[in-house]
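Q: Turn these sequences into a full structure, and let the hints guide you.
Per our numbering, residue 1 is the first one in the sequence shown, and the count goes up by one each step.
Keep in mind that a hint or two might mislead.
[As the list claims (entries may be wrong)] Label-pair restraints from in silico Cβ distances:
1) Gly54 with Glu89: 35 to 41 Å
2) Glu85 with Thr32: 18 to 24 Å
3) Thr32 with Gly54: 32 to 38 Å
Just so you know, these hints were derived from the structure itself, not from any lab. C-beta: ideal position from N, C-alpha, C; glycine also.
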Amino acid sequence: MTTPETLRDESVPARSPRPRELPQGFRAGLITAITVLLGFSLGFLRYWGFDAPGDWSALSVMPGVGLFLATLLQILALYRALRLEDEAEEEYRKTVRWFIASALVLLVGVTAALWEAA
Numbered sequence: 001m002t003t004p005e006t007l008r009d010e011s012v013p014a015r016s017p018r019p020r021e022l023p024q025g026f027r028a029g030l031i032t033a034i035t036v037l038l039g040f041s042l043g044f045l046r047y048w049g050f051d052a053p054g055d056w057s058a059l060s061v062m063p064g065v066g067l068f069l070a071t072l073l074q075i076l077a078l079y080r081a082l083r084l085e086d087e088a089e090e091e092y093r094k095t096v097r098w099f100i101a102s103a104l105v106l107l108v109g110v111t112a113a114l115w116e117a118a
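A: Written as structure tokens, this is what we have:
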């Protein structure tokens, strides 16, 4: 007699109950990338807020807000990358998305700073 287990299609792989683990070194690379970008962001934000010549205007606030928001997103991505749950592939992918979003916001902020300074 056939049971539901024997009728299972062998071409469709069974889902494993455990999430897939990341290969060795992926998390370390992501953490390094986040901290390098975070160091740049903090340095540029310090320069833009305190050392840049000229007076503040309404246009110079936009890059400052963008740089500050990018820094917050990078800190959030770093927090996510340092959690134990980030060993799971799906959590790692979410952390990478947060990091890419922070890099895009940083790019917009630096571009706005260059445009305002020109």
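Q: Hints first: check each against the structure and report whether it holds.
A: Hints, one by one, checked against the model:
no.	hint	result
1	Gly54 with Glu89: 35 to 41 Å	47 Å, violated
2	Glu85 with Thr32: 18 to 24 Å	19 Å, holds
3	Thr32 with Gly54: 32 to 38 Å	35 Å, holds
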